[in-house]
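Protein chains in written order, with the working numbering: chain A, 6 to 263; chain B, 6 to 262.
Watch out, some of these pointers could steer you wrong.
To be verified - Cut-off 25 Å, straight-line C-alpha distance, at most; resulting in silico cross-link-like pairs (BS3-like, lysine-lysine):
hint, chain 1, residue 1, chain 2, residue 2
1, A, Lys219, A, Lys160
2, B, Lys159, B, Lys169
3, B, Lys230, A, Lys201
4, A, Lys174, B, Lys230
5, A, Lys174, B, Lys45
6, B, Lys174, B, Lys129
7, B, Lys45, B, Lys262
8, A, Lys174, B, Lys28
9, A, Lys158, A, Lys174
10, B, Lys159, B, Lys28
11, A, Lys205, A, Lys246
12, B, Lys213, A, Lys174
Simulated from the structure, these hints should not be mistaken for laboratory data.
Note that the structure is predicted; figures quoted are calculated from it, not measured.
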Amino acid sequence: MTKFAYIRTRVEDEIAVVELYRPDVLNALNRQMVTEIVSALEAYDRNDGVRVIVLTGSGRAFAAGADIDEMAGDDPIKLELLNQFAEWDRLALIKKPMIAAVNGFALGGGFELALSCDLIVAAETAEFGFPEVNIGVMPGAGGTQRLTKLIGKTKALEWLWTGERMSAKEAHALGIVNRVVAPELLLEETMRLARKLAAKPPLSLRLIKEAVNKAVDYPLYEGMQFERKNFYLLFATEDQKEGMAAFIEKREPRFQGR
Amino acid sequence: MYETIHYEVRDHIAWLTLNRPDKLNAFTEQMNKEITQALKQTANDANIRCLVITGAGRAFCSGEDLGGVTEEMNHGEVLRTRYAPMLKALYHLEKPVIAAVNGVAAGAGMSLALACDFRLVSEKASFVEAFIHVGLIPDAGNLYYLPRLIGHAKALELAVLGEKISAQKAAELGLATSVVSEAAWEEEVQRFAERLAAMPTKAIGLIKRLLRESWHCTFEDYLEKEAYGQRIAGLTQDHREGIRAFFEKRKAVFQGK
Chain A
6 MTKFAYIRTR VEDEIAVVEL YRPDVLNALN RQMVTEIVSA LEAYDRNDGV
56 RVIVLTGSGR AFAAGADIDE MAGDDPIKLE LLNQFAEWDR LALIKKPMIA
106 AVNGFALGGG FELALSCDLI VAAETAEFGF PEVNIGVMPG AGGTQRLTKL
156 IGKTKALEWL WTGERMSAKE AHALGIVNRV VAPELLLEET MRLARKLAAK
206 PPLSLRLIKE AVNKAVDYPL YEGMQFERKN FYLLFATEDQ KEGMAAFIEK
256 REPRFQGR
Chain B
6 MYETIHYEVR DHIAWLTLNR PDKLNAFTEQ MNKEITQALK QTANDANIRC
56 LVITGAGRAF CSGEDLGGVT EEMNHGEVLR TRYAPMLKAL YHLEKPVIAA
106 VNGVAAGAGM SLALACDFRL VSEKASFVEA FIHVGLIPDA GNLYYLPRLI
156 GHAKALELAV LGEKISAQKA AELGLATSVV SEAAWEEEVQ RFAERLAAMP
206 TKAIGLIKRL LRESWHCTFE DYLEKEAYGQ RIAGLTQDHR EGIRAFFEKR
256 KAVFQGK
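Here chain A stands alone, though its shape is the one from the complex:
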């Protein structure tokens, strides 16, 4: 894999770990870093040796927002031509399960990055928030859309308007976070969850993810039709034959991802 400046990557037990690595600035996201994250994730998405992707931050933060210095002088035309958020659209096209392991601050773009993952495991000390309002702007990488779809309009407005930080516990109560764990064990517990998923048939996970994401946007009827097609499609896989045979023979299945 190519050398990255702002992230570190590794693969263990078929789980890819992408670590945001600008610890001296609490992993603030600059454009280069987002490009690196997206290209690493896309590469792992096509890598047969990877079943689950974990995204985490090094040091005290997950990512404390975007690099403000980088955009302080921007104007609308420059932003339109730069089209930087197109990178973020590619995050939504990753097919494999992505888990964010949030250690400390996940603010602004950092929160949006966590929300772009499928599941979030948070340390008890993690804090989430959209502070953009405090500097005269608003979220631009999906924050207003993803948070609203997750927790509803009323609550989303309050968090987005006040710019206040929510604790891991609050985020858990709102359904933003799947698990809250002791900070010392964040990565260990995230890897435990990742290994659980890595043992499942990859194509099932993939088509479930696709169908669940449709449920967020589609009317129920269209969603049901979509689900059905994916259900039928899985009967073309070897893993379906293996899974059902193992069930009938009362043994553990061995899934190949085919």
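Given the coordinates of chain A, work out where chain B should sit on it, guided by the hints.
Showing chain B alone in chain A's frame:
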């Protein structure tokens, strides 16, 4: 440097002395802030394995300085901006904290003592739930900690009646870890602090964390948190040392790591 408190670290023990003796160590905004800062300093210094909070002169702490209370004062805001950060820092401090209650602990001063893990109480000290006498409710976490320490009925009695509680009475109620004679005071506090500072610090922090959590979660969630806690403790050097010492039939020497 601090002006309203004295803060010193000696041999793994941090000593935080409320230092406005002529005002019986009453809280001011500056003092709240300095205590908060000192608590964060204590949390971040891996070298510190025990914290002692005490008062200079004849009082532990007489609570909010009534000299600063005006008609326009918004008591809710005072609690939010001055006391809450201090109390949260203390709540989250995962090291043993001793309140060495050298003299009277009244009002929010009593609350501070309640928020600590241990209360060594001088025989000449006393506690007073002073709030009711000025038409207020016990604050600074007082009514949160009190029923957890001595039960609902006794907490209500103390808070409503506002009577002076002697050191002896505090011991009977379960508020005091022990009552210490004036002659032995400094030596006893030192000895107790040294004892805690020589223990497995991480395990003490985790015990505090789990006891805290036990009030707020279901049994099933608690068992999961307990598994986290023991996993973390199991990874410490102090645990390894404890096991080694057990098999070698010697006293364990813990490093707080």
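Q | Hint check, failures only | A | Violated hints (numbers, rising): 8, 10; every other hint is consistent with the structure.
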